[in-house]
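Chemist: Order-wise, the sequence lines are chains V and W. Residue numbers for the first sequence follow the numbering used here, so the first one is 69 and each next one is one higher. Residue numbers for the second sequence follow the numbering used here, so the first one is -18 and each next one is one higher.
Everything labelled a hint here was simulated from the structure, so no lab data went into it. Keep in mind the model is a prediction, meaning the values are calculated, not measured. One or more of the hints may lead you astray.
[To be verified] Short, incomplete list of chain W residues facing chain V, as computed with Cβ under 7 Å:
| hint | residue |
| --- | --- |
| 1 | I(-3) |
| 2 | I40 |
| 3 | L75 |
C-beta atoms are modelled at their ideal positions from N, C-alpha and C, and glycine is treated no differently.
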Amino acid sequence: MAEVLFFLAAIGAVAGAVGTVALRNPFYAVLALVCHLLALAALFLLLRAEFVAAAQVVVYAGAVMVLYVFVVAYVGGQDEPLGRAGGAGLRLASALFAGALFVELSIAVLGSGLSALGTEGAPLAGVTGEAADRGFGTAAEMGRLFLTKFLVAFEVASLLLLIAAVGAVILARRRSGLEDPREISVADVMRGSGGTRIDAPKESMLEAGGPANR
Amino acid sequence: MSMQWYLVVSALIFSIGAAGVLVRRNPLVILLCIELMLNAANLALVAFARMHGNGDGQIFALIVLVVAACEVAVGLGLIVAIFRRRLPIDVDELRGLQG
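Just chain W, with the same shape it has in the complex (with noise of 0.2 Å):
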């Protein structure tokens, strides 16, 4: 297959995602949503290391893949810490910032 047909299949997936995050009111649903667009972008990374035939780009997507490792252990966190104070699972009626 060429190389557009993952590059497009990427860029739907991110499309998907943003959608998701844009539609979605609990945070964990948004969290596996930016998931999404974080692994479309590792397709993206991956086709064009094989594109270049270099393994650069598939470090690339480890480090990516490390960074969302990390965002979701913060994102759970807070939500846990969220659920504890009693508070609604629910971004639109966790607007105020002073708790």
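Isolated chain V, as found in the complex (with noise of 0.2 Å):
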């Protein structure tokens, strides 16, 4: 049962990654990629990580991706215009690029002599006392390893998406000209000028929330 729901999963996933890389309309690829989110959080699942499993299916196939589709419709989905620049040989340079790197990575991860490889993994049944009782890959685990053993870690990821959500706001504001008078600049917000800000709430608000009516 587990080789069925392993080979239907690998496929999946497989399948959604050349359906990626392969669509010409980036509609479509950021579709595949969901199937290949979706097949990988199964093949997760499989190996008892049910947390990760869930996160995946949760973060990745519903926010990132919706991100996605809506940055997608907004710049534009037009289908990828064929034969230009490299064209046929560029393609057959990649091929043969990935080819020999999937042959490498096979190598380097079989060829390792690792003893645990031909295995099915430690023994999960058998564990008795305190760690039968947190279990393998639930969320209680995690969120003990979490704060206990990578409480920096833990703390330093926190760090690095608030960094990325600001970031973000900053780059993708609207910017049709310096001399507009209700453009945000870093230096504003640093040198806090609260009193212009309280002056135009509704327009300052509109910086942030995409193109203005004007």
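Put the complex together from the two separate chains, hints included.
Modeler: Next up, the structure:
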């Protein structure tokens, strides 16, 4: 049973990956990546990583892909024109490179001589005592690890998310000419010019919210 | 299934993603292919975590998930900024850094 599920999920994941690379319309490429992510979540479940699979589906296939779809719709998901700059030669060289990379990675992994590679993983059923209560890959175990052993990594990850969110807002804000007095610059924010912001709260909200109606 | 199968699938997905980064010209699709490569690394990490019966590899996979989300946010912000300056959405035509 596990074999059948593994091959179904693996074929789905590889097919989604090929679709992402091969489909010419970016919109369909995003949808193929969603299929790939769902199949990958099934593989994670087969590996007993319940929480990672749930995070994969909710965060990745849910939130991040919706963001992608919105940006594709905003930028315009036109088909990529065929036969320019490089063309068949580049495609052949890329396929050769990918094949060589696959062979090399397979040799590196399978030839590493790890004795556990041929097994189905460490035994989990026979675990007793405290470890059996915690479980393997459950949300409780992940939370315990995050707040004890990997607390620094957890905090750094939250800081990284904050920096990325602020950076994305600053990058994607309106820049229709610097003469626009409503433009928010980083220097203004640093100087703490609160007085001018209070004068025009509606306009300053529009800066981050996309195209203004003017 | 033995661990080798998972690792081979991971290597295959990574190679497909690398080929996509080389072949495609739309920066949106290049970002998608980088996602593919990060996911392949995630699959290998989770497989190794299962191999050792230890949750640490899954924590690593979750951190990779966070980094991928940050990369998407900044990358899509860059693409939106490029689009607003009326520049072509094509990496072959965006070779100059002087803007």
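Chemist: Each hint needs a verdict: does it hold in this structure or not?
Modeler: To see whether the hints hold, each was checked on the structure:
no. : hint  : result
1   : I(-3) : holds (4 Å)
2   : I40   : holds (5 Å)
3   : L75   : violated (12 Å)
Hint 3 from the list above is the single one not met by this structure.
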